[in-house]
Structures are given as structure tokens and as C-alpha cells.
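Visitor: Modelling step: build the complete structure from the supplied sequences, incorporating the hints.
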Amino acid sequence: MAGGITLGFHGKLPCRGDFVRRRVAGDFLSAWDPWLSRCMHDSHRLLGEGWLDAYLTSPLWRFAVSAGVCGEKPATGLLMPSVDAVGRYYPLTLVGALPAESSLFGLAVQEGAWFEELEALAMSVLEDDPAVDLEQFDLAVSAHGARLQPWAADAASRLLAPLQGPTCFALESLEQLVPALLAMQQALLGRQQGFSLWWTEGSRRIPPCLLLQAALPVPERFAAMFDGEWQHHGWESRVVRWQAPRAAVRAAPSLGLPRLSSASVSHAGKVREVNEDACLDRPDLRLWAVADGVGGHEAGDEASRSVIDGLQQAPHSGELQERVNALHDVLVLANRHLWHAAHRPERPVTSASTVVVLLTGVEECCWLWAGDSRLYRLRDGQLSQCTRDHSVVQDLIERGELEAAEASTHPQANVITRAVGAAAELDPESRFSDLRSGDRFLLCSDGVHGCVAPDVIQSALQGDSPREVVDTLLRAVLEGEARDNCTAVAVFVD
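Numbered per full-length UniProt numbering, the sequence shown spans residues 1 to 494.
FYI, nobody ran anything at the bench for these hints, they're computed from the structure.
Among the clues, some could well be false.
Taking CB as the label site, the calculated pair distances span [as the list claims (entries may be wrong)]:
#	residue 1	residue 2	range
1	Asp-395	His-44	44 to 50 Å
2	Ala-326	Glu-220	31 to 37 Å
3	Asp-434	Val-332	23 to 29 Å
4	Arg-483	Arg-45	45 to 51 Å
Virtual Cβ for every residue (Gly too), placed ideally from N, Cα, C.
Guide: Okay, structure coming up:
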């Protein structure tokens, strides 16, 4: 392992009216800055009127460049869209030179936590706030660079030297296999004139992805890193998707997965013109969800849709706990993107969404939620509410300051205390339970459970099919005032 790196930054900040530069080597900047300026120019020309929105909503790109691409040393860092105090747009680059024998692929594999902290640090100065202290930010960046411990090979081993022919990599044990494979990939690429590696957790437009490029990306193709239209801008695009081993596929029926059937319905109601609810009904993935765009915000429908899209794109293989972890990460990432969009200096968009998610395994299930969208279960004829509302009135009830019967008429009845995008950090609540044949679940927004009584829900869940359940509930809601959007997903376990 190598020691820390000297981490600096260059570009635009909302708290300054011109370029700022701290600890960025001249040989790096002499190659990087003209290239990035050309990328900005070409992307503006190609995207036209859509450029600003694409730029402001583009993801934070982590990168690593090999020696010779931007100076004599390899380097790593972060590229983030930014703007200065007078409204001129130019990205902020945080970058540091690496030891000559550093494993660039190892950075992507091993240093995820370090990059996540770097992203949070970078975003902390996006606020258009005169109280932002540039010197404190500078000290924090420097200290963060000192914490990076990249994989670095012994120079005498020539581990990363370009491959010239058949090569044997001697290992002390097979525990060294992963770093050796990463080194082999870098050595293969070393036969070229250098390369750059780019990866991101994604944004509203761009899902998580990885880019590999000889030298730096061609400026005329850089627009794809803003809008995600890879093929349109001349990139080849490949989807990382692995087939299950044949033996595993043949063995699947013996796992005894329960038979699942489901149905869903979503309606704008009688008052609102826009349906800000969204739902996911995927029995093939053993995954269901309801998201409710938070009322009063500017783009609740986009928020709920982005949450559902993220859940659908998450990995759906593996043990139940692994799937829960993946969905938890999806919700945290969605929260980060919505919060960032609401606090960017130009054209902020305030949006948030509640969510409730159900996923099932062989003999157990789990649900995650944030806000007041609910999950109910009917088991052995008894209805139970599986989720606890994250709301002001629920907190008052639990503290003994409000009777449950008075909650619906309380002045803060619609105020929730947790939602995706409502705060800088999100901690979705989750619960595990056994799964039994005969269980019936209902996921719904407050437009359903706020309009019909629990006994109506219980009666509906006793219907002959999931479709009958959701249709019955929709009719019951529409027989009333139906002032809110209403969404219901019913799941039967056979």
C-alpha cells in the first residue's frame, strides 16, 4: 500500500468570481484544462438549448488517468458540474497525482468509500452561500487526500509494465488473484499511449456506469457524459448482465419459491390534475413498491418515478439480505440525487417522495419504507399494518400527545418526517418476516389508507384475486372525495 496523495482542486466555485486553483500540478493542468474547455464548448454546441439542464443534472464522475495522459504521473480525482459567483459554468476538478506504480483499476474496486466522502466534500461548497469558507474547504481537501491508500506495486516487480508477450504472474497465494488480474488489465492497456478510467454512481439521466477510454474522452463525445445518450454521441454501449449458470437454472425449481400473483392500480383522484404516485408491480422479480411524490413540491411526479426506476434497475439476484442491501443503496442514492438537485446553485428543483417496498425470498420477506406510504398484511383473517408512518402526527400519538382518532383532523396531518429527497441523509426503515402460503399484502399511498377504513381494506384483501382487491379499493376511494392521488398494489402468496 502507498501513503496518501497531495489532493488539490481547480475550476469554478459559487463562492468565488473566477477560477480557483490549489495544489494542482502544472503539467497535469496544461493537458487537462484545454481538453475540458473544449469539452464544454463542444457539448454546448451539440446539446443546444438542452445543455444547461444536462450540465446541471450531470453526475459526479470519478476518474483515473494513466501516466503520460495528463503529465508524467498517473492521477485520480473527481469531476463535478459547478458555477462561479457571477453565473459562469465550468466544472470543479479535484485531483491528485498517484505513485507511479499505482493500480488504477484497484481504485475503482477498493476505494469506493474514499470517493463517496470526496463527493460529499465537493458538494458541500455548491451552496451559493457567502458563509462558505474556501480556506476550510481547502484544508479538508488536503486532509482527505492524505487518507487515500491506493494499491501500488513494487517498482522492481515490473508488475504494471506493458506486456510484450506470454507472461507469468507469480503469486504468494490465490488471495492475490484479484489485484493480479487488475494489474494484468492495466499492463495490457499499457501497450497503448495511455488510458483513462471513468465511473459514476449515476444521476437522473445517467445510470451507474464505467467508461474506459484511450487517453481522454474525445471532446465531441463528451456530451454523452452530461446527457447519457451514448450511442447518439458515438460511444459503444454495453450492458453488464451475467447469465445464471446452467446448473443453477435447472436447480431453481427445487428451491421451492412460493407462487406469487399481484395487481396494481394508480389514479389521480378527483381533484388533482397530475398523478404524483408511481408503483412497481414485478412478481417476476419478487419486488413491489409504491412511491408518492410529496405534495407541495415542484416535481413530485418526477421524484416518485425516479425512485421506482431506481428500484427496478437494482440487482435482483442473490440472497434476500443481499437484495435488501442493494435496494437500501438505491434509495440512499436516489435521496442524494434529489437533494443535490434541490440545492444546486442554478435552476434548483425541489422534489421528494415517500416509498414502501416489499420483496420476497423462499421462506421470508422484507419491506423497506420512508414516509407514510404503507404496507398491510392479511394473515389468518387478521389485518396488520406492517409499517409505521414517518409523520408528525404518528410521533405525537406515540408520545401520548394525540389520540389516533384525532390524527386525520390535526393541522399537521399531512406533514411527514422522512422521505426520499427530503433531507441530506436518508435512513430507510426495514423489517424482515416469515412468508406463509395464504399471506396477502397491500402496498398503498396515503390516498388509499387516508380515505378508507381498515375494515374496508381487510374486506377487500379477502377478494378472490389481486385484481379484485385493487379494483375494490379504487372504487371505495372514488366513492368519496378522492382529493389525493391513490395507488394500491396487492400481492397474494399461494
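Visitor: Is it true that the C-beta distance of Asp-395 to His-44 lies inside 44 to 50 Å, as the hint says?
Guide: Between Asp-395 and His-44, where Cβ atoms are some 48 Å apart, the hint holds.
Visitor: Within 45 to 51 Å: is that where the Cβ-Cβ distance between Arg-483 and Arg-45 falls?
Guide: holds (48 Å)
Visitor: Is 23 to 29 Å a correct range for the gap between the Cβ atoms of Asp-434 and Val-332?
Guide: About 27 Å separates the Cβ atoms of Asp-434 and Val-332, which means 23 to 29 Å holds.
Visitor: Measuring from beta carbon to beta carbon, are Ala-326 and Glu-220 in 31 to 37 Å?
Guide: holds (36 Å)
The earlier numbered hints are all upheld by this structure, with none contradicted.
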